[in-house]
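Q: One-letter residues, chain by chain:
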Amino acid sequence: MGSLTKIFTNGFIKENPLLVLNIGLCSALGVTTSVFNGLGMGFSMMCVLLASEIVISIFRKLIPGAVRLPVFIIIIAAFTTIVQLVLQAFVPALYDALGVFLPLIVVNCIIMGRVEAFASKNTVGHSILDALGMGLGYTIVLVLISLIREVLGGGTIFAGTPLCVTIIAEDYRMAIFNSAPGGFLVFGMLAAIVQVIKARQAKA
Amino acid sequence: MVTKSKDGVGEMLKLGVVLCLYAVCACTILAIVNYFTLPIITSNKLATAQKAMKSVFSDADNFEKVETFDSTAADALGVAVSDVYMAKNGDSVIGAVCQAEGTTYDRAKIMIGLTASGIVTKIEFLELTDSPGFGQKARDSSYHVASGKTFFEQFSGLDSAKGFTHGNGGTIDAISGATITTVGVEKILTAGTAVLRSVLGAAPIDSSAINNMQNIDTTSAATQNTESLDTNSAADTESTPLDSTQSVNNDSAPADSDDKSANGDAIEYIESAGV
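For the protein sequence lines, the chains are B and R, in the order given.
Residues in the first sequence are numbered from 1 upward in steps of one, following the working numbering.
Residues in the second sequence are numbered from 1 upward in steps of one, following the working numbering.
Hint data in this document are derived by calculation from the structure and do not stem from the laboratory.
The C-beta atom is built at its ideal place from N, Cα and C for all residues, glycine as well.
Keep in mind that a hint or two might mislead.
Stated by the list, open to error - Here are the simulated SDA-like pairs of lysine to any residue, each with C-alpha atoms no more than 25 Å apart in a straight line:
(1) R/K54 / B/V91
(2) R/K51 / B/F90
(3) R/K54 / R/Y143
(4) B/K121 / R/M12
(5) R/K45 / B/P162
(6) R/K14 / B/I197
(7) R/K122 / B/M174
(8) R/K149 / B/I167
(9) R/K45 / R/D140
(10) B/K61 / R/C27
(11) R/K14 / B/I58
(12) R/K45 / B/L136
(13) B/K14 / B/A117
(14) R/K65 / R/D159
(15) R/K149 / B/M174
(16) B/K61 / R/K122
(17) R/K51 / B/P92
(18) R/K51 / B/G65
(19) B/K14 / B/M189
Unchecked claim - A few chain R residues that don't get close to chain B, going by computed Cβ distances all over 12 Å:
(20) V18
(21) N44
(22) M53
(23) F63
(24) T72
(25) T115
(26) H144
Whole structure, please, built from the sequences with the hints as guidance.
A: Now the structure itself:
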């Protein structure tokens, strides 16, 4: 049970894909202008990651090493397209909001990295835990970044949903948080906090 | 994982067949998912279009489809105009509605309503896949341009004969930090209203407006090297990071200084038109 917990929690702090491994940053900074988008992107990525890791883990002994990367891409692209079609059919608002970042999940380094480093070498059960841990770690960071950027830059929370609430008046919002520099600032602060936590854990 | 490799044509063929099998399985599953989701997606789009038609032309009580129309002006601008309907109140034609799709930072599809005298009733975005936080502001009802209206509201009541331009002497306000999207929308509306004017028998738009719009290149971001794999190109107000000093190759370039953020941010974003 200890090793299973370790696999699951690996993606939260110790090997958080965004803040520690620094992979999959493109979408993380591109869509985190609102919590709705961040949550939607995180959930979509987690679905693709989970499905890809399960399938690749099941077929890991049937995938020749010489063509493993093209096979991984085929599987990841198929699941990304499925998520796209499902969102377009059942949650068109999120589909429109994510825009070009949805098909870009195919080339998200987190998915390719985890299927290559973990799913292709481990059992289905372990791969499921790894996918859930990494996906949740990614989603939590996305939501954190989105929360800070949306509140400080947009002045609202849950914009784009019926739960939207205005928190900061338009005159007092900091527009920099809606753009790339603000995104990097927030990301850098969170990455620094995670390093402090890891350093304290290492000392303890 | 099979890692042993052998030389020989046979091994290469085997790898090719294995790859092919995986591709066939993936495509089969995709075809099944598409089979079930396509009707829902189609009906979503139809419902959105019907709702939008009524919302852009609330005075009309019925719409009659126009089967053939002159799309020369739209073709010249690279805009696809479709679903042209005459808006009627009883039997009298009071205007027309169409859908126009074209390139913005990515792509946009807009429903346009035009009265018989060439005044825009309203526009509505049916699809807009531009960057969240930037081009997406075009359809955001919480974002306001300099005039205090939302970006899409400002088109209501405009005379299509005067064209759609931003900047000094222009007819609209641009989206702060998203000029490519603004220019793309102007192009789409110029094309759409040109078609509607021809359908309604109104005087055609001055050809210089069409020519000016043709000189503006809003090549889709999906076909440019500045695609959003680099977050700077998507999040940095739709400009390429290294090309931030290039000016837009259009008549409205000097007016880019007007495109400041609503909070009076002095940072000026100049986009490259790109090819």
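Q: A separate judgement is required for each hint: does it hold in the structure or not?
A: Consistency of the hints with the structure:
1. R/K54 / B/V91: holds (23 Å)
2. R/K51 / B/F90: holds (18 Å)
3. R/K54 / R/Y143: holds (23 Å)
4. B/K121 / R/M12: holds (24 Å)
5. R/K45 / B/P162: holds (22 Å)
6. R/K14 / B/I197: violated (50 Å)
7. R/K122 / B/M174: At roughly 31 Å apart (the allowed maximum being 25 Å), B/M174 and R/K122 break the hint.
8. R/K149 / B/I167: holds (21 Å)
9. R/K45 / R/D140: The given pair, whose Cα atoms are some 19 Å apart, holds under the 25 Å limit.
10. B/K61 / R/C27: OK: B/K61 and R/C27 at ~22 Å, within 25 Å.
11. R/K14 / B/I58: holds (20 Å)
12. R/K45 / B/L136: violated (32 Å)
13. B/K14 / B/A117: holds (16 Å)
14. R/K65 / R/D159: holds (24 Å)
15. R/K149 / B/M174: Status holds; Cα separation ~21 Å.
16. B/K61 / R/K122: violated (59 Å)
17. R/K51 / B/P92: Cα-Cα ~15 Å, so holds.
18. R/K51 / B/G65: violated (53 Å)
19. B/K14 / B/M189: holds (17 Å)
20. V18: Non-interface label fails for R/V18: nearest chain B Cβ at 6 Å, not farther than 12 Å.
21. N44: Incorrect as stated: the minimum Cβ-Cβ distance to chain B is 6 Å, not above 12 Å.
22. M53: About 18 Å separates R/M53 from the closest Cβ of chain B, which puts it past 12 Å; holds.
23. F63: holds (23 Å)
24. T72: The claim holds: R/T72 sits with its nearest Cβ about 31 Å from chain B, beyond 12 Å.
25. T115: holds (29 Å)
26. H144: Its Cβ does come within 12 Å of chain B, the nearest being 8 Å, so this is violated.
When each numbered hint is compared with the structure, violations occur for hints 6, 7, 12, 16, 18, 20, 21 and 26.
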